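Sequences listed follow chains A and B, in order.
Note that this note's numbering has the first sequence beginning at 1, numbered continuously upward.
Note that this note's numbering has the second sequence beginning at 1, numbered continuously upward.
Note that these hints are calculated values from the structure, not bench results.
Everything numeric in this text was worked out from a predicted model, so none of it was measured.
Among the hints, erroneous ones may be present.
What the simulated footprint calls covered on chain A by chain B, stretch by stretch (three residues with Cβ under 8 Å from a Cβ of chain B suffice, anywhere in the stretch; the number is not a length) [claimed, not checked]:
1) 43-57
2) 76-86
3) 89-103
The beta carbon of each residue, even a glycine, is placed where N, CA and C say it ideally should be.
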Amino acid sequence: MAEEKIELEIVTPAKLLFSGVADMVVVPGGEGDFGVLTGHAPMLSTVRAGTIDIYEDDKITAQVFVEGGFAEVTDERCTVLVETAMMVADIDKAAAEKRLNDAKAAQSADSDHVDGLDSPEVTAAEAMVSAAD
Amino acid sequence: MANLKDLRIRITSVKSTRKITSAMKMVAASKLKRAQNAAEQGRPYAERMERMLGELTSSLSTMDGAPKLLSGSGADDTHLIVAITADRGLCGGFNGSIIREAKRRVLDLQAQGKKVKILCLGRKGRDGLNRDFPKDIIDTLEGLTKTGVEYEMVSDVAGNLVERFEAEEFDVCTIIYNRFVSAISQDVTIQQVIPFPVPEADEKDDASDKSQNAMYLMEPSEEEILDELLPRNLSVQLFRALLESNASEHGARMSAMDNATRNAGDMLDDLTMTYNRTRQAVITSELIEIISGAEAL
Numbered sequence: 001m002a003e004e005k006i007e008l009e010i011v012t013p014a015k016l017l018f019s020g021v022a023d024m025v026v027v028p029g030g031e032g033d034f035g036v037l038t039g040h041a042p043m044l045s046t047v048r049a050g051t052i053d054i055y056e057d058d059k060i061t062a063q064v065f066v067e068g069g070f071a072e073v074t075d076e077r078c079t080v081l082v083e084t085a086m087m088v089a090d091i092d093k094a095a096a097e098k099r100l101n102d103a104k105a106a107q108s109a110d111s112d113h114v115d116g117l118d119s120p121e122v123t124a125a126e127a128m129v130s131a132a133d
Numbered sequence: 001m002a003n004l005k006d007l008r009i010r011i012t013s014v015k016s017t018r019k020i021t022s023a024m025k026m027v028a029a030s031k032l033k034r035a036q037n038a039a040e041q042g043r044p045y046a047e048r049m050e051r052m053l054g055e056l057t058s059s060l061s062t063m064d065g066a067p068k069l070l071s072g073s074g075a076d077d078t079h080l081i082v083a084i085t086a087d088r089g090l091c092g093g094f095n096g097s098i099i100r101e102a103k104r105r106v107l108d109l110q111a112q113g114k115k116v117k118i119l120c121l122g123r124k125g126r127d128g129l130n131r132d133f134p135k136d137i138i139d140t141l142e143g144l145t146k147t148g149v150e151y152e153m154v155s156d157v158a159g160n161l162v163e164r165f166e167a168e169e170f171d172v173c174t175i176i177y178n179r180f181v182s183a184i185s186q187d188v189t190i191q192q193v194i195p196f197p198v199p200e201a202d203e204k205d206d207a208s209d210k211s212q213n214a215m216y217l218m219e220p221s222e223e224e225i226l227d228e229l230l231p232r233n234l235s236v237q238l239f240r241a242l243l244e245s246n247a248s249e250h251g252a253r254m255s256a257m258d259n260a261t262r263n264a265g266d267m268l269d270d271l272t273m274t275y276n277r278t279r280q281a282v283i284t285s286e287l288i289e290i291i292s293g294a295e296a297l
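Start from the sequences and build out the full structure, keeping to the hints where you can.
Right under this line is the structure:
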């Protein structure tokens, strides 16, 4: 268990959603998930749609669903800037599923669509549904 | 001297005007609270975004082939001015000061031989600028602040700006808006957003900070991050400007309506005084008539 904690801030254009400390944070980076502990090398990364897991005493204490943005990591701080963010507990599963269906319908209606490559909207909605589970 | 009936009519009309202005003041006050809250909540995002970009650009600006949103299109011929005003009037000098500033800038730039295009966010701005520069206004957007400022709507506007920039419709983009200071004071602010102004030399004296910046790991590459970050930064800056402007609008309207209510009250006092004097004068002259009539008999 880490002795020092990392400061985490999750910010959306509308508000500061989460601000606090954690032992470890796992962020869904654009190139794959990455975990952040205190003393991490400074890094900038894109963030894809997914859940941020906040660890305290080797257990996940909070999960936040985020969509589209950036993460900035310094040795004691992790700042996540995203367009939308909500606590996983607050996700309305029915709304998420509806969004997924709508996105899939829109995708199949789109004549330019390449098979096997989901539109960003579908990917985001899928991530939202799986986060709700 | 005005007769009694006229005075009564004026008194009723001033009374109802006062009622309207005080109701508008109340509405503006409650909207102001919400708008101010939204503006304050929006600040952390914009600030952190700026810091992140500042760090990125200070380690990058020397590199060639930086995205155009950062380095500019290389020319300085066509300027786009985004004037952010309200859709409605009755808010004191709020719209007027933006229009005045925009006009001054346009004339300035035109005097330097540059081409100027204007994008109005808010109906009042178009009304004011249309008189002098009817040909330069490329578009007007209304109703952005009707139900509070929504980020999605703003990012559409920003996307549109980026498209226009990439189509080389303009080289430099500046926004003019009212920055919220307090309910009774607003600052007209001019901010250049395209190309993104790179933080100036004054930040460079913090050498230790600078060396740390250069060590940032980028995932994926620097260019890809910038490509995503810059358009988003534009929406954020625009979003912030709109939030500030929205809060300012309600603040300006509140103080304008407060003044109007007070003025109506003063006017009402004057009118009531005149009314009572006239009424007394009429009674006196009637009495004199009756008495002198009785004496004559």
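Do the hints match the structure? See the list:
Residue count for the stretch 43-57 of chain A with a Cβ under 8 Å from a Cβ of chain B: 4. That meets the three needed, and the coverage hint holds. With a threshold of 8 Å between beta carbons, the proposed coverage of the stretch 76-86 of chain A by chain B holds, since 3 of its residues qualify and at least three are required. Coverage of the stretch 89-103 of chain A by chain B is violated. Counting CB-CB distances below 8 Å, 0 residues qualify, and the rule asks for three or more.
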